[in-house]
Amino acid sequence: MTALARLHGVEKFYAKGSQKVHVLSELDLEIPSGDFLALMGPSGSGKTTLLNLLGGLDRPSGGSVEVGGHRIDQLSNSGLAKWRARHVGFVFQFYNLMPVLTAERNVELPLLLTRLSRAQRRERAQIALSVVGLADRVTHYPSELSGGQQQRVAIARAIVSDPDLLLCDEPTGDLDRDTADEIMGLLQVLNRDHGKTIVMVTHDPRAAEYAKRTLNLDKGRLNLKAAA
Amino acid sequence: MKYLYFVWKNLGRKKVRTTLTILSILVAFILYGLLGSLKLAFTVGADIVGANRLVTINKISLILSQPESYAARIAQIEGVKDVAHANWFGAYYQDKKNQFAQFAVNPDAWFNVYSELILPEEQFKAWRQDRIGAVVGEKLAARFGWKVGDRIPLISTIHRHGGDYRWEFVIDGIFSAENKRVDTSNMLFRYDYFDEARDWGKGEIGWIVFTIDDPARAAGVAKQIDDMFTNSPAETRTSTEQAFAESFVKQFGDIGLIVSLILTAVFFTMLLVSGNTMAQSVRERIPELAVLKTIGFGDFTMLALVLAEALLIALLGALIGLGVSAVAVQGIAAAISGFLPGLAFTPAMFAQGLGYAVLFGLLAGLMPALQAMRLSIANALSRH
Chain A
98 MTALARLHGV EKFYAKGSQK VHVLSELDLE IPSGDFLALM GPSGSGKTTL LNLLGGLDRP
158 SGGSVEVGGH RIDQLSNSGL AKWRARHVGF VFQFYNLMPV LTAERNVELP LLLTRLSRAQ
218 RRERAQIALS VVGLADRVTH YPSELSGGQQ QRVAIARAIV SDPDLLLCDE PTGDLDRDTA
278 DEIMGLLQVL NRDHGKTIVM VTHDPRAAEY AKRTLNLDKG RLNLKAAA
Chain B
17 MKYLYFVWKN LGRKKVRTTL TILSILVAFI LYGLLGSLKL AFTVGADIVG ANRLVTINKI
77 SLILSQPESY AARIAQIEGV KDVAHANWFG AYYQDKKNQF AQFAVNPDAW FNVYSELILP
137 EEQFKAWRQD RIGAVVGEKL AARFGWKVGD RIPLISTIHR HGGDYRWEFV IDGIFSAENK
197 RVDTSNMLFR YDYFDEARDW GKGEIGWIVF TIDDPARAAG VAKQIDDMFT NSPAETRTST
257 EQAFAESFVK QFGDIGLIVS LILTAVFFTM LLVSGNTMAQ SVRERIPELA VLKTIGFGDF
317 TMLALVLAEA LLIALLGALI GLGVSAVAVQ GIAAAISGFL PGLAFTPAMF AQGLGYAVLF
377 GLLAGLMPAL QAMRLSIANA LSRH
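So the protein sequences, as listed, match chains A and B. Following my numbering, the numbering of the first sequence begins with 98 at its first residue and continues without gaps. Following my numbering, the numbering of the second sequence begins with 17 at its first residue and continues without gaps.
In short, the hints are calculated from the structure, not lab data. The structure displayed is predicted, hence computed values, not measured ones. Backbone N, C-alpha and C fix where the C-beta goes; we use that ideal spot for every residue, glycine too. Treat the hints loosely; a few may be bogus.
[Stated by the list, open to error] Partial pick of chain B residues on the chain A-facing surface, computed with a CB cut under 7 angstroms:
| # | residue |
| --- | --- |
| 1 | Lys18 |
| 2 | Lys25 |
| 3 | Gly312 |
[To be verified] Derived DEER-like restraints, expressed as beta-carbon distance ranges:
| # | chain 1 | residue 1 | chain 2 | residue 2 | range |
| --- | --- | --- | --- | --- | --- |
| 4 | B | Arg33 | A | Gly141 | 33 to 41 angstroms |
| 5 | A | Gly282 | B | Leu370 | 49 to 57 angstroms |
| 6 | A | Ser243 | B | Gly339 | 39 to 47 angstroms |
| 7 | B | Leu386 | A | Gly141 | 29 to 37 angstroms |
| 8 | B | Leu386 | A | Leu213 | 24 to 32 angstroms |
Please model the entire structure based on the sequences and the hints provided.
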């Protein structure tokens, strides 16, 4: 299986006064295309930082990050923005939907960056909402949806531009057990049936069970915990 | 355009705050419209005067007179074309609140100098043959419903004839002008009748207005005239009609400066209010803005989105404010046309107002827009 993402010798540190605080140290990681990887570890272990580096939201202090054949650590800010729009979908713990937009308009947002017409954008947004099981909620505002439904809208927004990679930061962290299972089942379907490569940060061992493999981060270093 | 819906919806996020901000901008632009119209009304005379017209007044003050003979002496100076003179009559019609300007003039000379005034030839002919005849501007005729042939009694606050302040005139004509900003809210009547009938001041005129061949020689001609009357009982001060009109307006104070200062203060305050509101609005949405950047919105798109919000608020407030002031000025102008004939809200003022609105929006939105543009995604998301 070809690697979708390769991280080599990645370091990330922050300056705190005169001190350097290391978050990630000499990290090597290869993520095959079609993988469903769960990243676990205690708070402050660098999970979200690693996810941010994979999604081009942050830059490493050292080493290289290659995703889909692009050295994203070398891209300019505008190059990174364009790359994210085409290749990555993000799902957050708190959904982060725009409260003033309907579900359909929220899902349409990433498509505003394309040359698609309004009708084409609308059609694709509706398809994405169908995939997550919310075809009948297109005109609802986030405040009119349950937590689980809001997370489904967020997932639809993440997949609407058909990215290769889905990055999920605690996608079930704000949901009850049953809803969390539904969301994880949905991510599993996207991975298994739609071929999306998924990297998910989670504290929840039950959510991690849906992944093909789990890596444990501790003090900025990776340990293989389980493999599918 | 595809972002317009998104920008519009963001404005509706805090409806009360957006409405109050738009209202404050609206008030600023109403003030801009009203005060700008007032400024225009006071300077309209200075704006539309002929470049080749000069005015000679008594050196001490405009209200002091000079001998009528001065006009003939000025007419003999090389380069001077047509010479007219006028006296301020200071009368009202029926009631003291019905004030308007009346000038005693020589008909032919006056219309030669003010060639922009249009009077039908047959009416001009009738006026020449009628010693108590007068011609009125079309705005004045419309104001009192006067028509040719009407007899109008006026009460002068300055001049009597036979001990009586009451004078009677017959309207022989109604004059107009192609340029609608030219004042047609005054009345002209014959100097020969006035001079013969008045109880005092015979042979004295208020001011002399004349045209010259070459506007470039205005300063030289003016000096020649004033030198000619030096050490006479009535020394003169000659200037271009524009300078004369401006000094006339400045009798009321420097209206332009006052209006500009008020508007600057208003706009500066509104800029601070709107800028602060925009900044607050962006601060509240930092996680959302970070999400937009996460899904691929570039730095300049973020800058443009926030600027577009500020522009939309400014343009909404400005358009409503300019519209309200246009309607208000129209109403006020109709009510006080006798006192302030040039009061008008012009398309140029509207266009300038929109220009200010764009500038206002860009300035109010600039700092928050830069903040959105420079937003660090990782830092912003970690605040959530």
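A quick look at each hint next to the structure:
Because the beta carbon of Lys18(B) sits about 6 angstroms from the nearest beta carbon in chain A, less than 7 angstroms, this interface hint is met. This hint holds: Lys25(B) has a C-beta 4 angstroms from the nearest C-beta of chain A, less than the 7 angstroms allowed. Hint status for Gly312(B) relative to chain A: holds, with the closest Cβ pair at about 3 angstroms, below 7 angstroms. Under the hint 33 to 41 angstroms, the C-beta atoms of Arg33(B) and Gly141(A), about 38 angstroms apart, fit the expected range.
A C-beta distance of roughly 55 angstroms is found between Gly282(A) and Leu370(B), which places it inside the suggested range of 49 to 57 angstroms. Checked against the hint of 39 to 47 angstroms, the C-beta distance between Ser243(A) and Gly339(B) comes to roughly 45 angstroms, which is consistent with it. Roughly 32 angstroms separates the CB atoms of Leu386(B) and Gly141(A), a value that falls within the hinted 29 to 37 angstroms. The hinted range of 24 to 32 angstroms is satisfied by Leu386(B) and Leu213(A), whose Cβ atoms lie roughly 30 angstroms apart.
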